[in-house]
Amino acid sequence: MTAPSSLAGEPVVDARLASEHGLTTEEYGGLCDLLGRVPTYTELGIASALYSEHCSYKSSKIHLRRFPTRSRRVVHGPGENAGVVEIGHGWVAAFKMESHNHPSFIEPYQGAATGVGGILRDVFTMGARPIACLDSLRFGNIDGERGARMRHLVDGVVRGIGDYGNCVGIPTVGGETGFHSSYNGNILVNAFALGVCRRERIFTAVASGAGNPILYAGSRTGRDGIHGATMASEAFDSESEAKRPTVQVGDPFTEKVLLEASLEAMRSGVVLGVQDMGAAGLTSSCFEMAARGSAGVELDLDLVPLREASLTPYEIMLSESQERMVFVTQRGQEGTVASILARWGLQARTIGRVTEDGRARLAFRGRTVADMPVEPLVDGAPVYDRPARPPADLARRQEDVRPEVPDDPLGALKRLLGTPELGDKEWIFRQYDSTVRSNTIVGPGSDAAVLRLKGTPSALALTSDVNPSYCWLDPRLGGRQAVAEAVRNLATVGAEPVGMTNCLNFGSPENPEIAWQLRECISGMADACRAFDVPVISGNVSLYNETEGEAVRPTPTVAMVGVIDELMEMGVEGELNRLLGCGFWRPGDRVLLLGRSGDEFGGSAYQRLLYGVEAGRPPSVDLGGEAALCGLLRRARRSGWLSACHDLAEGGLIVALAECAMPWGLGMRGSFDGGPLSLFSEGQGRAIVTASPARVEEVLASAEALGVAASDIGEVGGDRIVLGFDGGAVDGSVDELRRIWTEALPRAVG
Amino acid sequence: MKCGIVVFPGSNCDHDVYHVLGHVLEQETVFLWHQKTSLDGCELIVLPGGFSYGDYLRAGSMAAHSPIMAAVRRHAEAGGRVLGICNGFQMLLEAGLLPGAMRRNRDLRFLSVDVHLRVERDDLVYCSGYRRGEVLRMPIAHAEGNYVDTDEALDDLEQSGQVVFRYVDSEGNLASGANLNGSKRSIAGVCSAEGNVLGLMPHPERCAEALLGNGDGLALLTGAVRVGRGAELPAAVGG
Chain H
1 MTAPSSLAGE PVVDARLASE HGLTTEEYGG LCDLLGRVPT YTELGIASAL YSEHCSYKSS
61 KIHLRRFPTR SRRVVHGPGE NAGVVEIGHG WVAAFKMESH NHPSFIEPYQ GAATGVGGIL
121 RDVFTMGARP IACLDSLRFG NIDGERGARM RHLVDGVVRG IGDYGNCVGI PTVGGETGFH
181 SSYNGNILVN AFALGVCRRE RIFTAVASGA GNPILYAGSR TGRDGIHGAT MASEAFDSES
241 EAKRPTVQVG DPFTEKVLLE ASLEAMRSGV VLGVQDMGAA GLTSSCFEMA ARGSAGVELD
301 LDLVPLREAS LTPYEIMLSE SQERMVFVTQ RGQEGTVASI LARWGLQART IGRVTEDGRA
361 RLAFRGRTVA DMPVEPLVDG APVYDRPARP PADLARRQED VRPEVPDDPL GALKRLLGTP
421 ELGDKEWIFR QYDSTVRSNT IVGPGSDAAV LRLKGTPSAL ALTSDVNPSY CWLDPRLGGR
481 QAVAEAVRNL ATVGAEPVGM TNCLNFGSPE NPEIAWQLRE CISGMADACR AFDVPVISGN
541 VSLYNETEGE AVRPTPTVAM VGVIDELMEM GVEGELNRLL GCGFWRPGDR VLLLGRSGDE
601 FGGSAYQRLL YGVEAGRPPS VDLGGEAALC GLLRRARRSG WLSACHDLAE GGLIVALAEC
661 AMPWGLGMRG SFDGGPLSLF SEGQGRAIVT ASPARVEEVL ASAEALGVAA SDIGEVGGDR
721 IVLGFDGGAV DGSVDELRRI WTEALPRAVG
Chain X
1001 MKCGIVVFPG SNCDHDVYHV LGHVLEQETV FLWHQKTSLD GCELIVLPGG FSYGDYLRAG
1061 SMAAHSPIMA AVRRHAEAGG RVLGICNGFQ MLLEAGLLPG AMRRNRDLRF LSVDVHLRVE
1121 RDDLVYCSGY RRGEVLRMPI AHAEGNYVDT DEALDDLEQS GQVVFRYVDS EGNLASGANL
1181 NGSKRSIAGV CSAEGNVLGL MPHPERCAEA LLGNGDGLAL LTGAVRVGRG AELPAAVGG
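As you go down the protein sequences, you meet chains H and X in turn.
Counted from 1, the first sequence has number 91 at position 91 by my numbering; the numbering is strictly sequential.
Counted from 1, the second sequence has number 1011 at position 11 by my numbering; the numbering is strictly sequential.
In isolation and in its complexed conformation, chain X is listed as follows (with noise of 0.2 Å):
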């Protein structure tokens, strides 16, 4: 499957998922440079990690207004496949493609650390290669990701599915001291209503390799470019 990995300003995990998609899963990959206004036929597009423009204001704010965000919407409400990873997970919030926002940390630090995740779904083309229910280790390394909505859209949220991965310890269990950034409801990854938006705080391609100790991460990038229909997608998804 072709991908494309948007580079902006201070994107700085871009080179990461190019070498797991480009190199471990040998696919056709490239870079997206932030001013180009279309996406040279990419199916997956990954928005990567990273300080896009200093994350000076608030983190993904500015790299949401990027030219190319036009075409990555049309993609998107298309029904395309979008991997928001960290930084990218921020953007696809500004940007109004997944919902809710995020605020400093819990403790107002910068939290680089392994944390565990439960998968919630398993009928998203991302989450094929998982179980539901399943623990995950990854790795988080990040300032602002202790994700907030109201209530009532939080019930929304939690009632259509569209909460993939939550902070949970290594059992599995929901625990204050295992979702670090204070995430309302231990949230860490999201997805649109249709499923073919997927947003996380964690780095699955930091973990996608046994040699670093960890591949938990890889079938993540596996799902995301798993040709084919996840069961929850829209036919106008994959192929």
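Okay, chain H solo, but in the shape it has when bound (with noise of 0.2 Å):
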């Protein structure tokens, strides 16, 4: 082949060129000292797409190096599509999450629908059957003329989720879904799928043995989401309306038979490394699966199948057109696997092989357009040890503003059920399918889906937790509570955390104080993740969520799996969907309150939606104590001792308590040892558990043997809530409260 050329009509490279691709002097040096020469325009292109942070994680990677990553059950961790952990019986979970920010603000049907098409690829890849999906969704102010906007913005996202969910036929088990003003320039979402496979069928992206083919299947490459991964790693500006071309179209018809007969292909033998196309297309798949196989690829760009004929090198290597897949085979074995795809109606096509001298080769009409090493480009991309200071303003943050004592604590909990933020999500969930596939026992609202893994006694559980308000106050305790209010909800259906992946959503890491709270905030993940022998196994990290200076909370979404080895020891099959359920059911059981009550009002709902107040210092979070609380919870849910299970989080027991009440209509009496303003506190590592009155002992005697507080707060019965405090009594119909928090949401919305 001749020297690598720019084609006639492609720009002059330089470092102008290289700066509005995003690229540094420093970086664009390096490169053209790594080519020994000016790159080409397609190589410039797709190095920027390799050097952004989407690909690179260059200003995270340092900080993300704390995260524990291994655990006696970790199959895969962080490097893959996605990882993997062995959850018993031969089989093991692929899962990861993933945001789609920046497309999904620009356009947020087609941004929201192929986050969740690219999470899904990137679990059936690795061989893995995806069986849920979870999406944790942030948006800003809904309110009003204002909010006009980001109205439209919850339609489209949760209408684009939807309907590509929907069609592919994952269910969509949980999530959550957050509003604040931080988030009105930039969206997040963020989108999770857990696939299950047996163990001796995962697959891994790797391009191994030279001379074996590489297939190119799926959809045809076409102009759209080109710079896609660019974009993501960038802030918005006025200008960012004109990149709704960047942003990719889905097709989930396409992604479902692509789904089939991938892991058709997958159980014919002859495939030996299989990758997506997602961010950076062609790009990130060949260059990735071939450093991970220390291997080369020869790629012949006239043989990718294209939408129109126009296409530049330099835009096939680049777009991020959806629904596509690069399968390395056998040698002589391309005809198995495209005999496959032509059943689900999918063209396969041979567009290079695996070679074996670590460089990519990219040739179109006759020449050489792209000549460059592997290795170096993917593994040795810039790594940042940006600076990172404290924000100036953090101590006036952290001051305590003394909260005001509710005078009509009903009247404060009815406000906070009438919000957004604490109303009920139906309106969302409803419009995903959370029930196909069969597996759903405890489905979307509660603290964590549980899902039934056919053929074995065992079942899954699934979460998503943060809370960006306590990140923001102080981003390491932030980032400790995320994880504890994760593992703390998987402990409420009595499931075993055994991995975790996470999306961290930041501003841009050039700002120092933005650097230091994601450094702030990995450290204190990381040291939560090790005090409860939690891996991370997957993650996904986007930054520059900022507009005009305004960056949005940091928001480092946890998304964690748990086992529930046994579940026929919680209780009785038919009672199954209910006792592993948030909600009271039967009359006459007691309710208890597990864990010790302080006051804490930091970043609390209390102040932040009644009073406008986000100050303070966030709950303290004793790992020690919640992993004494998670463990009574296990104990108790594997002795079938609990009926329901809910944990105190935002709004604090009193919430609690109405969200208790709420699913099935079924109120309590009882009372607290507090005063009015404890009813609101969110003092962390706390739970309600509900057990028959025969069971009360044996949970509070296993109580003291793990050193957790406990205490019988009241009965379940009638259709009010009646808790007594410390002067006074709050006295609320179910029935009414119910109504408020289910209107809230739809009100909202409009």
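Accuracy of the hints is not assured; some may be wrong.
According to the in silico footprint, chain H covers these stretches of chain X (three or more CB under 8 Å from chain H) [as the list claims (entries may be wrong)]:
#: 1; stretch: 1004-1013
#: 2; stretch: 1046-1055
#: 3; stretch: 1104-1115
#: 4; stretch: 1153-1159
#: 5; stretch: 1199-1207
Since the hints were derived computationally from the structure, they do not count as laboratory data.
Ideal Cβ positions, reconstructed from N, Cα and C, are used throughout, including at glycine.
Quick one: dock chain against chain with the hints and give me the complex.
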């Protein structure tokens, strides 16, 4: 082949063009040194994608190393398309969470839909069949005239997620949705998917064996999504609207047939490696596969199936057209894979082969348009230890603002339940199929979703959590709290955590205050992961979530997976769906409060939503105490003592009790040892459980043995929540609370 | 009874029905690829839920023209049992094997919720485990389940007893709040004049095990594979 060169009509490559591609002068210089010449236009495009934060983690890598990534269950940690852990009985779970924030803000429906598509492909390229999704969403203010655009975004994102996941047939079983003005200019759409597979059937994305063919499968390549990875690594400005063409367009039907065809192809025994084309399309899939196999690739771009013939090599390599895959097969077995794909109505074409010289060589119309070393570009991407310092106003943020004692605690409860933040999210999740695949025992709206694992006595539990206000006030504590709450949520259904994934959503890391947030959040999360022995097996970093200098609240979304080894230990088969939920359902059950109650109002829903105060220190997180509580919950669950369980989170005890009462319309009567303000405290490490009177002694004795504070605060029954406190009582109709709660979100989104 | 579940590109409830028929009810169950032209001796044919061909045209319309549908039609015309669930029901309408049509849900959004159904016929083999008037709870998950036909046709349908399930409240009463997708006359499921072809929007296969908290759908699938004849079924059926 000839020496690589740009094509006629392509822009002249120089430092200025490199800068327009998001490369710094140093990065561009390094690239020229690496190649020993000025890169071609195609090479510049490739390098800019591989060096983007989205692909290279250049600003976060140094911090991500703090996460524990191993355990006896981990099969594949970070670095693969999805992490893989053993879940027992010869099965493994592959899961990951990924952001699609930037595209969803620009084009909510397609942005969110393709976010779901991308994460599903990450899972099934591992050979695992996706069985569940979660979605963690953050929106800005949706009220009034100024909220009109945000309501449009809520509607588009929810429709996009629903239409894609529903069509592919993967249930969305949980997630979370929050609202805060810091997301006015940058919404967050974090999609999680989990798949299962037999241990021996796991695949990895490795290109190996010189001479083996590289097959392209799925949709044709078009111009959509070019530079998506680069866009996702930039802040927004007034020009962002013009980036709409960088948002990909999804086709869930093609995804579904690609899913079935890929799994079938992988079972055929002739496939060696699989990789989807996600961010940075063909570029990242080929480079990353080659890097993992310490191999090279040779591609003939004339063979790539195109939507229109006029695409340039630069566009072909950077297109983020959806529903595309790359397979490496054994030599001579291309036909086997192609015929499986053809049966599903999909095209497969050999576009190149694996080489052994560690270089990526791309040909187009008889010319070489790129010839680059793979490994230095993928693994040798720049790594930055960005300057970090605490925000100048941190001390002021953390100044304690004494909360007002509520004159009317019931009124305060109603106002909280009437906010979109704490209101019922059914308006969202009723648009998502949550029961397809017929595994869902506990679906959306609970602390953790529970899915049975067919053919085994086990079940999986899934949850996602983060409190951005806590993270803003004290990122280390906030990071720790997010992990602790996820572990607690899993414990409420008796599940042992087996692995975690995350989406780290922050502003620009080039701002030292944001770099500090990122570092501190990760430290806090890593501390908690070690304390609970939860490995981080995959994850995603989304930086530059800021618009004209306004960054989002630091939002390190945690998604965690737990295993319930013996589902039937927890109770009678026909009652499991109720007793693994959080609702009161059996009159006469005792209501117990577990964990120590202290007054914690920093970043609380009470202060924030009722008084507009976001200040103080967030609730302290006692990792030892949390572990003891979770141990108690799991033991009580495994012993079949509990009939319901709910963790205390935003809004504190009184909101939690309302959330227990509303699902089945059954109230409680009791009393609480504390003042009216304490009803709203967000002290961590607490849960409400219910048990039949005959079981109360066992729960209390077990709590004492484990050093967990426990008190009997009342009895389930009636249609009111009646809770005495020091100096008064809350007495509210469950029906009325439920009406306020269920109407909150539909009213807000209009 | 040998059961065949037709797999169209985009079917996504095929595995769920297989699980109930094959594993829970322990029937001989096979998948039938949409390009086949024979039913391999299956006596019960299930058209499962999903988004066949993405439902990019009208729900079920492309699938209704699949090669296998000619065999399904012959099977139905000979009195054989055909059960269409959700997307499968939509296909039966598009194929003309059942009367009526589907529109987008009333509020134009996908609906994934549990609904209550009233059993209107208990003389069909499918409903042999239910009593007439019984109220069932089943999940729905669809964007196009708003059943429609002309008033005249609906009168005929009612007169000939082809309405098998209706959306009702938990007490069994018709109410617009219980008819979430806006179906005419709250119709959730209809059968052919002979009663051997049944289509419904709710998903019995997702509520056929106590473990999932609801076993109301099991009787329907049990009835579907019941050997013998339902009171209204012609002699050609069953056996």
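How the hints compare with the structure:
Coverage of the stretch 1004-1013 of chain X by chain H holds. Counting CB-CB distances below 8 Å, 4 residues qualify, and the rule asks for three or more. Counting residues of the stretch 1046-1055 of chain X whose beta-carbon sits less than 8 Å from any beta-carbon of chain H gives 6, enough to reach three: the coverage restraint holds. With 5 residues having a Cβ less than 8 Å from any Cβ of chain H, the stretch 1104-1115 of chain X passes the three-residue criterion, so the hint holds. Closer than 8 Å: that is the beta-carbon criterion, and the stretch 1153-1159 of chain X has 0 residues meeting it against chain H, so the requirement of 3 is violated.
With a threshold of 8 Å between beta carbons, the proposed coverage of the stretch 1199-1207 of chain X by chain H holds, since 3 of its residues qualify and at least three are required.
Going down the numbered hints, you'll see the structure goes against just number 4.
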